[in-house]
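Top to bottom, those sequences are chains G and F.
Per my numbering, the first sequence starts with residue 246, numbered consecutively.
Per my numbering, the second sequence starts with residue 47, numbered consecutively.
No lab work stands behind these hints: they were computed from the structure.
This one's a predicted model, so the numbers in the text were calculated from it and none came from an experiment.
For glycine and all other residues, C-beta sits at the position ideal for the given N, C-alpha and C.
Careful, some of the hints might be misleading.
[Claimed, not checked] DSS-like mimics (lysine-lysine), calculated; alpha carbons at most 27 Å apart, straight line: (1) K105/F <-> K519/G; (2) K441/G <-> K101/F; (3) K113/F <-> K530/G; (4) K441/G <-> K505/G; (5) K126/F <-> K519/G.
[To be verified] These stretches of chain F come out as covered by chain G in the derived footprint (C-beta under 8 Å, 3 or more residues): (6) 89-98; (7) 187-195.
[To be verified] Have a look at the derived ranges for each label pair, beta carbon to beta carbon: (8) K539/G <-> L219/F: 49 to 57 Å; (9) E229/F <-> F361/G: 52 to 60 Å; (10) E52/F <-> M500/G: 49 to 57 Å; (11) Q193/F <-> A376/G: 22 to 30 Å.
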Amino acid sequence: MKKDKKPKVLWLQAITCNGNTHSFLSANNNRMRLFLNSFDLIYHPSLTTDITIKEIIEKKINFDFLLVEGAISSNKEFFSISGYSPYEMLNILVKRTKYLIAVGSCASYGGLHAKFEQNSDIQGIGDSLSAENLYILKHPVVNLTGCPAHPEWIIQTLFSLKDYGKMALDEKGRPKELYYGLAHHGCTRNEYFEWKVEVKHFGLKEGCLFYEQGCRGPMTHSNCNKILWNDVSTKTRAGMPCIGCTEFDFPRENMLETKKNIGIPNEVPLEVSKRAYLSLTGVAKTFKIGRLNKKLID
Amino acid sequence: MSTKEEKKNNIIENSLKLFSKNGFYNTTIPDIAKSMKMSVGNMYNYFKSKEELAKYAIKYSTNILAKELKTINQMNISSKEKIYLFTEKYLENVKKSPEVIEYFLRVYLSNREVFAKGCEGFLCVSEFVTEVMILLDEGASNKEFRQQDFFPAFAVIMGALGGFAFLSGEKVLEKDIMEYSDEVAENIYRALKYEEG
Chain G
246 MKKDKKPKVL WLQAITCNGN THSFLSANNN RMRLFLNSFD LIYHPSLTTD ITIKEIIEKK
306 INFDFLLVEG AISSNKEFFS ISGYSPYEML NILVKRTKYL IAVGSCASYG GLHAKFEQNS
366 DIQGIGDSLS AENLYILKHP VVNLTGCPAH PEWIIQTLFS LKDYGKMALD EKGRPKELYY
426 GLAHHGCTRN EYFEWKVEVK HFGLKEGCLF YEQGCRGPMT HSNCNKILWN DVSTKTRAGM
486 PCIGCTEFDF PRENMLETKK NIGIPNEVPL EVSKRAYLSL TGVAKTFKIG RLNKKLID
Chain F
47 MSTKEEKKNN IIENSLKLFS KNGFYNTTIP DIAKSMKMSV GNMYNYFKSK EELAKYAIKY
107 STNILAKELK TINQMNISSK EKIYLFTEKY LENVKKSPEV IEYFLRVYLS NREVFAKGCE
167 GFLCVSEFVT EVMILLDEGA SNKEFRQQDF FPAFAVIMGA LGGFAFLSGE KVLEKDIMEY
227 SDEVAENIYR ALKYEEG
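For reference, chain G alone in the conformation it holds in the complex (with noise of 0.2 Å):
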């Protein structure tokens, strides 16, 4: 395959801590190759490459795939690349680009960096296209949220636009096809939910992480449990909840707490009445199943 049919992609990286970087980085090996035989990646601020972003701009370069990892701002005082700020970078950047992704939650929609009280201008890149710019894209942008995104959600996102040119996103801008489900789904711990068994402490196999240690799997829309890190595992499989990295309203507080109004949970999961839900609860804590109050491994 000739070098200059590849599509080109760039990563720009704003306000951030490199962590979706270091997820993209770790993408199994067989990916890593797909994408790198697939793609050209003509610029990442952590690898080596034959250009620099100031070059970039200046020799007014095109490409197909803008990655943006991290928040954007427009106050130079806090955050400025080669003396652009985000929002002067990203609006720059835009205008050379067939498809923008928001890789991770920082991207998406501020994320961790949009709490930052000093600075009330962080938010996630949908806000921050200036109004000349806001319908420039052929595409709309395609939020990959997760603190971090996984590495397969950025490569099968890339080869989707690549080959179809489209990918159908939900109301918040992710892709339908990673995120219809929840992290609930594939949890191995779904039997522990279901009879109302409750984890002992962090790090366990055994027990449900919803009740007392805030896991919001049930109201998470990603597929960690179907397609898991690492190819191996996930944080509901180690014994840590789902803090709901992929949701508009990460970070929460207190995530690894349950929000509990009189020993009740405050939140059940998704589009269930909480009539049926405390119903079914009740009922489920009556049965004392021997296998379940157990050690897996004796």
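Assemble the complex: chain G is given as a structure, and chain F must be docked to it using the hints.
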């Protein structure tokens, strides 16, 4: 409701009276059949055993309260008003159909062995317990009630109401039971209410 369901409910209503008056073990299926003017054989077409009847009866009697509390829970009023209204409804039940409440106190709570299988935990009273949960949950989320564990809060409501039904059954109350309604409700409310730090 089918004719068979109606008949079953009639049998339950009659048995509630006999159970709460004479006790569970002193009441026999022939006693219930006699009060229904039915043959003993026909009784068994509706309930296979006295134990099965007892379990249906606890569901039947708590569901009366569950329905009343559900209606109250769905009203657009404060949680305090809900406590007052439910207390009034409960005491009305004690007055009008004491056998329904007394069955809970004198049979369900005192003859646990009858209910050990098939009515474990909240299994036979779940509709009512769910409504109490809804009442408490909403009260706490709108900051009318303070945060506490569920069971102490549940016991405050049911202990006060059950205790009053007992006093009424023992005929020791000086005034008509309905005259105590607001005071009982006030006690329950004060035990639950939210207090500023």
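Against the structure, the hints come out as follows:
Note on K105/F and K519/G: the hinted pairing holds, with a Cα-Cα distance of about 21 Å set against a maximum of 27 Å. Restraint check for K441/G and K101/F: satisfied, since their Cα atoms lie roughly 24 Å apart, inside the 27 Å limit. This hinted pair checks out: K113/F and K530/G have alpha carbons roughly 22 Å apart, not beyond 27 Å. Proximity of K441/G to K505/G is assessed by CA-CA distance (about 15 Å); at most 27 Å being required, the pair is judged to hold.
Restraint check: the Cα-Cα separation between K126/F and K519/G comes to about 21 Å, which is no more than 27 Å; the hinted pair holds. Judged by the Cβ-Cβ criterion of 8 Å, the segment 89-98 of chain F is not covered by chain G as claimed, because only 0 of its residues qualify and three are needed. Under the rule that three or more residues need a Cβ within less than 8 Å of chain G, the assignment of the segment 187-195 of chain F holds, with 5 such residues. Distance hint check: the CB atoms of K539/G and L219/F are about 51 Å apart, consistent with the given range 49 to 57 Å.
The beta-carbon spacing between E229/F and F361/G, approximately 54 Å, falls within the hinted interval of 52 to 60 Å. Against the hinted window of 49 to 57 Å, the Cβ-Cβ separation of E52/F and M500/G comes to about 53 Å, which satisfies the hint. A hinted range of 22 to 30 Å for the beta carbons of Q193/F and A376/G is inconsistent with their spacing of about 47 Å.
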